Amino acid sequence: MHFLFEPGFFSSGPVRTAAVIGGLTAIVSAVVGTFTVVRSQSFAGHALTDVATTGGSGAFLLGLSPLTGFIAGGVIGGGAMEMIGVERARSRDVATGIVLGAATGLSALFLYLDATRSASTGATQQILFGSIFTIDSSTVPTIVVLSAATLLVLGVIHRPLLLSSVSAELAAARGISLRVVGLLFMLALAVAVGLSSISIGSILSTALLIGPAATALRVTRSLRAAMVAACLLGVSTTWLGILLAYDSVSWDPSSQGLPVSFFIVAIVFLLYLASGLSFVRGLSGRRGGGRPALGAVPAKDKDASPLGAAV
Amino acid sequence: MIAPVLEVDGVDVSFSGRTVLDGVSFEIRRGEFTGLIGSNGVGKTTLLRVILELHRPDRGHVRVLGESLSGGGRSLGYVPQKVLLDPDIPMRARDLVALGLDARRYGFGRRTKAQRELVDKMLDDVDAASFADARVGTLSGGEQQRVLIAHALISGPELLLLDEPLANLDPRSVQEIVALLHRVASDNEVAVLLSAHEMNALLPVMDRIVYLTQGRAASGTTDEVVRPEVLSKLYGHHVDVLKLHGRVLVVAEPGAEAPDVPDHPPVTVT
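In order, the protein sequence lines correspond to chains A and B. Residues 2 to 312 in this note's numbering are what the first sequence lists, from first letter to last. Residues 3 to 272 in this note's numbering are what the second sequence lists, from first letter to last.
Chain A on its own, in the form it takes in the complex:
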């Protein structure tokens, strides 16, 4: 096993913190991401990452924790987008674009000030690309509470959210408030983006949000199965990324190891490509009959997990 797990991997404090935070982030991202893809709100998700960047870089400037900034930025930006955009897809799109542009401009200012005041480029690297190994373990309780609260809210609204995601018209005709459901979902999305911002960086957080969910939606037959599959894919991808990044120090002893974010995003991308292969898609049985397609996922999942890779 030595060739896979470098000495000290399991006893390292930062690795354990990273595994816990990464795992929780992946689960929240997968669940929120599944709804995001179904609602065709990937663009809003991406825009939130830009707003989170603004929050994170602003927090750094004020000496607050990046997590506070990421979440605050996302919640304010997400709220603004949902309030500006009415239920029509086009104006929602435009509202998203407007908020995105303004936020990115502010980020440019904040990141510039961060870099000049702290006389280092560390802030920019940390905010944009994450630094899961340097997260203080004291933030774990906060992250646990945020994750649990987000999953709870989504659980409570899942039926109205689902119908309004599939067809706003059907939901409105049943007396579901699209505004309330949309706003609550946007808040959940903001938290998910904030969590993955501290793990893999604000501009990469879309990858963890959309990637596992989109992959799972391709190969499953029901949304419940898709969500479970997305969680499994997300968690194993994140853990494998952490493992590879930890190991990468030994590949080139002169370096400090390669970034976790790179590995996670690369695996997410490869899995998505693999799910497009016709034989994998065939397992999902697009039309009636046949066995549930979830069977396709654990097999692939095993390959992506550290143990599977060791065989």
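Keep in mind the hints are simulated off the structure, nothing from the lab. Computed from a predicted structure; not experimentally measured. All C-beta atoms in this analysis are idealised placements derived from N, C-alpha and C, irrespective of residue type, glycine included.
Which residues of chain B face chain A? A partial, calculated answer using Cβ under 10 Å:
#, residue
1, LEU86
2, ASP88
3, ILE91
4, MET93
5, ARG106
6, PHE110
7, ASP135
8, VAL138
Distance condition first, Cα-Cα at most 25 Å in a straight line; then the derived SDA-like pairs of lysine to any residue:
#, chain 1, residue 1, chain 2, residue 2
9, B, LYS115, A, ILE158
10, B, LYS123, A, LEU163
11, B, LYS84, A, LEU163
12, B, LYS115, A, LEU163
13, B, LYS84, A, ALA169
14, B, LYS115, A, HIS159
15, B, LYS123, A, SER223
16, B, LYS84, A, HIS159
17, B, LYS115, A, SER223
18, B, LYS84, A, SER168
19, B, LYS84, A, SER178
20, B, LYS245, B, ASP172
21, B, LYS123, A, ARG225
22, B, LYS84, A, LEU179
23, B, LYS84, B, THR140
24, B, LYS115, A, ARG225
25, B, LYS84, A, GLY176
26, B, LYS84, A, VAL95
27, B, LYS84, A, SER43
28, B, LYS84, A, SER223
29, B, LYS84, A, ARG180
30, B, LYS115, A, VAL229
31, B, LYS115, A, GLY156
32, B, LYS123, B, VAL176
33, B, LYS123, A, SER168
34, B, LYS84, A, SER92
35, B, LYS84, A, ARG40
36, B, LYS115, A, VAL157
37, B, LYS84, A, ARG93
38, B, LYS84, A, SER41
39, B, LYS245, B, LEU233
40, B, LYS84, A, ASP94
Let chain A serve as the given structure and place chain B on it in line with the hints.
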């Protein structure tokens, strides 16, 4: 006296100064099958949205079972005109039907066995059992209509509204859907208000017709409404009603501007 299932009373709607509905009034009684007939753009969808309380009329009111509707939960079922269901979303036909039962409910909780059986029964009733586990987005137009009808009916409404359910269907599917709606509606004792731009497919099943043109409506049985005197008054110029081989044609006289005669493009009779 039992309140009508639906009471539309003096409804006016205008969009930026253009009158769409002008004092529209009619009633639907329990279990009646009603066709809302008018050509494209006469305000059929607007009228349905007013009934659903998705659009507030400038004047007039709508009552469902004698009360103003709030929310549209149990007493109304609705099948919209265009539901674009993405084939990439793993929502099975049975999932969508089940959401008709509990989509308004917040909170957790799995569906009970009785609820799952009701979903199966509903899918069976609309002849959708064979594709119950297929993704809704991959189904044909006629198949999707069946699933949407089951979704609308499963909550046990008193009134089912359908917006142009026959548009974009091939002639055989049109007949199938009309027969199915008639059967399901009488089995479940549901009143139906169905909008269409073509009345002929509905003639065998319609108890009542609401004929909509130029913002005004005439309602009654087909024999009462589809007559030259009534329709000429409604259009504001003379139209003829031809009955041929059990079909009805509404024809404007030559030269008259009849932009919204349903059933067919303006016909000139020489």
